[in-house]
Amino acid sequence: MGYTPSPESRSNTGVDLRHLRHFVVLAEALNFHRAAIRLHLAQPSLSRSIRALEDEIGLPLFLRNQREVSLTAAGRVLLPEARQLLAQARRTEALLGDLQNGQAGTLRIGFLASTAIALLPGLLRGFRQHFPRVHLELREMSSDAQLQALRDDQIDIGFIRDIGILPDIHQHLLQREALMLVLPEDHPFATESAIALHRLHHESLILLRREVAPASYDRILAQCHTHALKPHILMELADSNAVFSAVLAGLGLGFLFSAFAEIQRPGIVFRPLADALGDSEVSLAWRGRQEDGNPAALTFVSMAQQRYALHAQP
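Taken in order, the sequence shown gives residues 1 to 314; the numbers are from the working numbering.
No lab work stands behind these hints, which were simulated from the structure alone. From the three backbone atoms N, C-alpha and C, an ideal C-beta is built for every residue, glycine too. Please note: incorrect hints may appear among the correct ones.
What the hints assert, rightly or not - Here are the computed distance ranges between Cβ atoms for each label pair:
#	residue 1	residue 2	range
1	E137	G58	41 to 51 Å
2	E93	P60	27 to 37 Å
3	Q148	Q306	24 to 34 Å
Claimed, not checked - Dumping the calculated SDA-like pairs for lysine to any residue here, alpha-carbon to alpha-carbon at most 25 Å:
#	residue 1	residue 2
4	K230	H202
5	K230	D218
6	K230	Y217
7	K230	R219
8	K230	S193
Let the hints inform the model, and build the full structure from the sequences given.
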(Lines of atoms letter the chains of each structure in order from A and count residues from 1; the text may use other names and numbers.)
(Lines give C-alpha, C1' and ligand atoms only; values in the text may rest on other atoms or scores of the structure.)
Protein backbone atom coordinates (compact mmCIF):
# COMPACT_ATOMS: atom_id res chain seq x y z
CA MET A 1 0.00 0.00 0.00
CA GLY A 2 1.38 3.41 -0.99
CA TYR A 3 1.51 6.53 1.10
CA THR A 4 -1.58 8.76 0.92
CA PRO A 5 -1.05 12.30 2.20
CA SER A 6 -3.57 13.70 4.61
CA PRO A 7 -5.77 16.51 3.29
CA GLU A 8 -4.44 18.57 6.19
CA SER A 9 -0.80 18.05 5.20
CA ARG A 10 1.36 20.98 6.19
CA SER A 11 4.85 22.14 5.35
CA ASN A 12 7.50 22.40 8.04
CA THR A 13 6.60 26.09 8.26
CA GLY A 14 3.08 25.21 9.38
CA VAL A 15 1.49 26.45 6.14
CA ASP A 16 -1.23 24.25 4.67
CA LEU A 17 0.22 22.65 1.53
CA ARG A 18 -3.19 22.67 -0.17
CA HIS A 19 -3.31 26.45 0.16
CA LEU A 20 0.21 26.74 -1.22
CA ARG A 21 -0.72 24.63 -4.23
CA HIS A 22 -3.80 26.74 -4.86
CA PHE A 23 -1.63 29.84 -4.57
CA VAL A 24 0.91 28.55 -7.15
CA VAL A 25 -1.77 27.58 -9.66
CA LEU A 26 -3.50 30.95 -9.33
CA ALA A 27 -0.16 32.78 -9.56
CA GLU A 28 0.52 30.97 -12.84
CA ALA A 29 -2.98 31.45 -14.28
CA LEU A 30 -3.66 34.93 -12.84
CA ASN A 31 -7.32 34.13 -13.33
CA PHE A 32 -9.59 32.62 -10.67
CA HIS A 33 -11.82 30.87 -13.20
CA ARG A 34 -8.97 29.18 -15.09
CA ALA A 35 -7.15 28.28 -11.86
CA ALA A 36 -10.30 26.74 -10.37
CA ILE A 37 -10.72 24.59 -13.48
CA ARG A 38 -7.11 23.35 -13.24
CA LEU A 39 -7.58 22.52 -9.57
CA HIS A 40 -11.01 20.92 -10.07
CA LEU A 41 -12.45 23.32 -7.51
CA ALA A 42 -15.42 25.63 -7.42
CA GLN A 43 -14.27 29.22 -7.77
CA PRO A 44 -15.63 30.27 -4.33
CA SER A 45 -13.64 27.42 -2.74
CA LEU A 46 -10.46 28.66 -4.40
CA SER A 47 -11.14 32.20 -3.19
CA ARG A 48 -11.61 30.96 0.39
CA SER A 49 -8.37 28.96 0.19
CA ILE A 50 -6.38 31.99 -0.99
CA ARG A 51 -7.89 34.18 1.73
CA ALA A 52 -7.05 31.53 4.33
CA LEU A 53 -3.41 31.50 3.15
CA GLU A 54 -3.22 35.29 3.27
CA ASP A 55 -4.68 35.20 6.77
CA GLU A 56 -2.08 32.58 7.82
CA ILE A 57 0.89 34.65 6.71
CA GLY A 58 -0.69 38.04 7.44
CA LEU A 59 0.06 39.54 4.04
CA PRO A 60 -1.91 40.01 0.81
CA LEU A 61 -0.60 37.88 -2.05
CA PHE A 62 -2.77 39.07 -4.91
CA LEU A 63 -4.15 42.36 -6.12
CA ARG A 64 -7.69 41.78 -7.35
CA ASN A 65 -10.12 43.86 -9.36
CA GLN A 66 -12.92 43.03 -11.73
CA ARG A 67 -10.61 42.94 -14.76
CA GLU A 68 -7.40 41.23 -13.59
CA VAL A 69 -5.47 39.48 -10.88
CA SER A 70 -1.79 40.20 -10.18
CA LEU A 71 0.78 39.23 -7.57
CA THR A 72 1.77 41.57 -4.79
CA ALA A 73 5.43 42.02 -3.87
CA ALA A 74 4.97 39.39 -1.14
CA GLY A 75 3.33 37.04 -3.65
CA ARG A 76 6.28 37.38 -6.05
CA VAL A 77 8.73 36.53 -3.26
CA LEU A 78 6.64 33.59 -2.05
CA LEU A 79 6.07 31.97 -5.47
CA PRO A 80 9.52 30.33 -6.01
CA GLU A 81 9.66 29.23 -2.37
CA ALA A 82 6.18 27.72 -2.62
CA ARG A 83 7.18 25.79 -5.72
CA GLN A 84 10.22 24.38 -3.91
CA LEU A 85 8.15 23.42 -0.86
CA LEU A 86 5.59 21.63 -3.01
CA ALA A 87 8.30 19.81 -4.97
CA GLN A 88 9.92 18.69 -1.71
CA ALA A 89 6.53 17.53 -0.42
CA ARG A 90 6.02 15.46 -3.56
CA ARG A 91 9.47 13.90 -3.17
CA THR A 92 8.75 13.12 0.49
CA GLU A 93 5.40 11.55 -0.37
CA ALA A 94 7.05 9.44 -3.07
CA LEU A 95 9.78 8.36 -0.65
CA LEU A 96 7.25 7.37 2.03
CA GLY A 97 5.34 5.36 -0.55
CA ASP A 98 8.53 3.64 -1.70
CA LEU A 99 9.47 2.85 1.90
CA GLN A 100 6.09 1.25 2.53
CA ASN A 101 6.27 -0.70 -0.73
CA GLY A 102 9.80 -1.95 -0.14
CA GLN A 103 11.22 0.20 -2.95
CA ALA A 104 13.44 2.38 -0.74
CA GLY A 105 15.24 2.11 2.58
CA THR A 106 18.08 -0.14 3.69
CA LEU A 107 18.37 -3.89 3.15
CA ARG A 108 20.92 -5.78 5.28
CA ILE A 109 21.99 -9.10 3.76
CA GLY A 110 24.09 -11.90 5.22
CA PHE A 111 25.67 -14.33 2.77
CA LEU A 112 28.00 -17.30 2.42
CA ALA A 113 31.20 -17.09 0.40
CA SER A 114 29.94 -19.68 -2.09
CA THR A 115 26.78 -17.66 -2.79
CA ALA A 116 28.88 -14.61 -3.71
CA ILE A 117 30.11 -16.32 -6.89
CA ALA A 118 26.92 -16.35 -8.97
CA LEU A 119 23.77 -16.71 -6.89
CA LEU A 120 23.97 -13.51 -4.85
CA PRO A 121 25.33 -11.25 -7.64
CA GLY A 122 22.55 -12.36 -10.00
CA LEU A 123 19.83 -11.57 -7.48
CA LEU A 124 21.40 -8.28 -6.42
CA ARG A 125 21.81 -7.13 -10.01
CA GLY A 126 18.12 -7.69 -10.75
CA PHE A 127 17.07 -6.08 -7.47
CA ARG A 128 19.20 -2.97 -8.00
CA GLN A 129 17.84 -2.52 -11.52
CA HIS A 130 14.27 -2.43 -10.25
CA PHE A 131 14.84 -0.78 -6.85
CA PRO A 132 17.85 1.57 -7.08
CA ARG A 133 16.69 3.57 -4.02
CA VAL A 134 17.26 0.63 -1.66
CA HIS A 135 20.68 0.87 0.02
CA LEU A 136 22.33 -2.55 0.37
CA GLU A 137 24.55 -3.61 3.28
CA LEU A 138 26.33 -6.96 2.79
CA ARG A 139 28.02 -9.12 5.45
CA GLU A 140 29.74 -12.46 4.88
CA MET A 141 28.74 -14.78 7.73
CA SER A 142 28.33 -18.47 8.50
CA SER A 143 24.82 -19.93 8.42
CA ASP A 144 24.61 -20.12 12.21
CA ALA A 145 25.81 -16.53 12.56
CA GLN A 146 23.21 -15.41 10.04
CA LEU A 147 20.40 -17.11 11.95
CA GLN A 148 21.45 -15.37 15.14
CA ALA A 149 21.77 -12.05 13.30
CA LEU A 150 18.26 -12.49 11.89
CA ARG A 151 16.88 -13.10 15.38
CA ASP A 152 18.78 -10.11 16.77
CA ASP A 153 17.54 -7.86 13.94
CA GLN A 154 21.09 -7.26 12.70
CA ILE A 155 20.30 -8.46 9.16
CA ASP A 156 17.06 -8.68 7.19
CA ILE A 157 17.91 -11.47 4.72
CA GLY A 158 20.26 -14.44 4.93
CA PHE A 159 21.69 -16.94 2.45
CA ILE A 160 22.07 -20.08 4.55
CA ARG A 161 23.13 -23.66 3.92
CA ASP A 162 21.63 -26.96 5.12
CA ILE A 163 19.45 -25.60 7.91
CA GLY A 164 16.34 -27.58 8.82
CA ILE A 165 12.89 -26.19 9.48
CA LEU A 166 12.86 -23.50 12.17
CA PRO A 167 9.68 -22.10 13.76
CA ASP A 168 10.78 -18.46 13.70
CA ILE A 169 12.60 -18.34 10.36
CA HIS A 170 11.07 -18.52 6.88
CA GLN A 171 13.11 -20.25 4.18
CA HIS A 172 12.98 -20.60 0.42
CA LEU A 173 15.21 -23.13 -1.35
CA LEU A 174 17.35 -21.46 -4.00
CA GLN A 175 19.69 -24.18 -5.27
CA ARG A 176 21.34 -27.49 -4.53
CA GLU A 177 25.09 -27.93 -4.73
CA ALA A 178 27.26 -31.05 -4.79
CA LEU A 179 30.49 -31.49 -2.88
CA MET A 180 33.43 -31.85 -5.25
CA LEU A 181 37.05 -32.79 -4.93
CA VAL A 182 39.54 -29.97 -5.44
CA LEU A 183 42.98 -31.01 -6.68
CA PRO A 184 46.07 -29.69 -8.47
CA GLU A 185 45.86 -29.98 -12.25
CA ASP A 186 48.97 -32.21 -12.29
CA HIS A 187 47.49 -34.75 -9.84
CA PRO A 188 46.89 -38.22 -11.31
CA PHE A 189 43.18 -37.97 -10.44
CA ALA A 190 42.84 -34.83 -12.60
CA THR A 191 42.48 -36.92 -15.77
CA GLU A 192 39.58 -38.95 -14.38
CA SER A 193 35.88 -38.10 -14.67
CA ALA A 194 34.92 -39.08 -11.10
CA ILE A 195 36.81 -40.14 -8.00
CA ALA A 196 35.70 -42.86 -5.58
CA LEU A 197 36.18 -42.07 -1.89
CA HIS A 198 38.09 -45.27 -1.12
CA ARG A 199 40.87 -44.09 -3.44
CA LEU A 200 41.64 -41.21 -1.07
CA HIS A 201 43.12 -43.60 1.49
CA HIS A 202 46.67 -42.29 1.04
CA GLU A 203 45.72 -38.67 0.42
CA SER A 204 45.87 -35.77 2.85
CA LEU A 205 42.53 -33.97 2.97
CA ILE A 206 41.82 -30.27 3.43
CA LEU A 207 38.34 -29.40 4.71
CA LEU A 208 36.42 -26.31 5.56
CA ARG A 209 36.01 -26.02 9.32
CA ARG A 210 32.88 -27.63 10.67
CA GLU A 211 31.44 -24.30 11.84
CA VAL A 212 31.59 -23.04 8.25
CA ALA A 213 29.58 -25.92 6.76
CA PRO A 214 28.63 -28.38 9.53
CA ALA A 215 26.20 -30.58 7.58
CA SER A 216 28.61 -31.14 4.70
CA TYR A 217 31.54 -31.69 7.06
CA ASP A 218 29.57 -34.39 8.86
CA ARG A 219 28.51 -36.03 5.57
CA ILE A 220 32.11 -36.28 4.42
CA LEU A 221 33.19 -38.01 7.60
CA ALA A 222 30.10 -40.27 7.61
CA GLN A 223 30.77 -41.41 4.03
CA CYS A 224 34.42 -42.01 4.83
CA HIS A 225 33.30 -44.21 7.71
CA THR A 226 30.81 -46.05 5.47
CA HIS A 227 33.61 -46.86 3.01
CA ALA A 228 35.99 -47.90 5.80
CA LEU A 229 38.19 -44.95 4.95
CA LYS A 230 40.17 -43.40 7.77
CA PRO A 231 40.74 -39.92 6.37
CA HIS A 232 43.98 -38.12 7.00
CA ILE A 233 42.68 -34.60 7.59
CA LEU A 234 45.75 -32.45 7.20
CA MET A 235 44.02 -29.17 8.04
CA GLU A 236 40.65 -27.49 8.50
CA LEU A 237 40.43 -23.98 7.11
CA ALA A 238 38.06 -21.06 7.48
CA ASP A 239 37.44 -20.12 3.85
CA SER A 240 37.64 -21.35 0.28
CA ASN A 241 40.62 -19.19 -0.69
CA ALA A 242 42.69 -20.88 2.00
CA VAL A 243 41.62 -24.29 0.66
CA PHE A 244 42.67 -23.28 -2.88
CA SER A 245 46.03 -22.03 -1.63
CA ALA A 246 46.74 -25.24 0.28
CA VAL A 247 45.76 -27.40 -2.71
CA LEU A 248 47.91 -25.34 -5.08
CA ALA A 249 50.83 -25.76 -2.68
CA GLY A 250 50.46 -29.52 -3.05
CA LEU A 251 49.60 -30.04 0.62
CA GLY A 252 46.54 -32.19 -0.05
CA LEU A 253 43.15 -32.50 -1.74
CA GLY A 254 40.20 -30.34 -0.78
CA PHE A 255 36.42 -30.58 -0.66
CA LEU A 256 34.34 -27.61 -1.80
CA PHE A 257 30.87 -26.98 -3.15
CA SER A 258 30.21 -27.10 -6.89
CA ALA A 259 29.45 -23.35 -6.92
CA PHE A 260 33.19 -22.70 -6.55
CA ALA A 261 33.84 -24.62 -9.79
CA GLU A 262 32.18 -21.78 -11.72
CA ILE A 263 35.36 -19.71 -11.36
CA GLN A 264 38.40 -20.82 -13.35
CA ARG A 265 41.50 -20.93 -11.17
CA PRO A 266 44.92 -21.58 -12.74
CA GLY A 267 46.40 -24.85 -11.54
CA ILE A 268 43.14 -26.06 -9.93
CA VAL A 269 40.61 -28.62 -11.19
CA PHE A 270 37.34 -29.87 -9.72
CA ARG A 271 36.22 -33.45 -10.01
CA PRO A 272 32.93 -35.00 -8.89
CA LEU A 273 32.87 -37.87 -6.42
CA ALA A 274 31.63 -41.27 -7.52
CA ASP A 275 30.10 -41.76 -4.06
CA ALA A 276 26.97 -39.75 -3.37
CA LEU A 277 27.50 -37.41 -0.43
CA GLY A 278 24.09 -35.79 -0.76
CA ASP A 279 23.46 -32.31 -2.13
CA SER A 280 23.90 -29.21 -0.01
CA GLU A 281 20.86 -26.92 -0.01
CA VAL A 282 21.23 -23.14 -0.13
CA SER A 283 18.15 -21.24 1.02
CA LEU A 284 17.01 -17.68 1.45
CA ALA A 285 16.08 -16.95 5.08
CA TRP A 286 14.15 -14.13 6.74
CA ARG A 287 12.32 -13.53 9.99
CA GLY A 288 8.99 -15.27 10.32
CA ARG A 289 7.15 -12.31 11.87
CA GLN A 290 5.73 -10.35 8.97
CA GLU A 291 4.43 -7.47 11.08
CA ASP A 292 7.91 -6.24 11.99
CA GLY A 293 9.58 -7.17 8.72
CA ASN A 294 11.51 -4.76 6.52
CA PRO A 295 9.34 -4.02 3.43
CA ALA A 296 12.49 -3.99 1.27
CA ALA A 297 13.32 -7.48 2.54
CA LEU A 298 9.87 -8.76 1.65
CA THR A 299 10.26 -7.23 -1.83
CA PHE A 300 13.61 -9.02 -2.22
CA VAL A 301 12.09 -12.30 -1.04
CA SER A 302 9.24 -11.97 -3.53
CA MET A 303 11.68 -11.36 -6.38
CA ALA A 304 13.85 -14.35 -5.38
CA GLN A 305 10.82 -16.63 -5.06
CA GLN A 306 9.70 -15.71 -8.57
CA ARG A 307 13.17 -16.26 -10.01
CA TYR A 308 13.59 -19.58 -8.22
CA ALA A 309 9.93 -20.66 -8.26
CA LEU A 310 10.77 -24.28 -9.14
CA HIS A 311 12.68 -24.61 -5.88
CA ALA A 312 9.85 -23.44 -3.60
CA GLN A 313 9.74 -25.27 -0.29
CA PRO A 314 6.43 -26.30 1.29
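Report task. Output the numbers, in ascending order, of every earlier hint that fails for this structure. Result -> When the structure is compared with the hints, none of them turns out to be violated.
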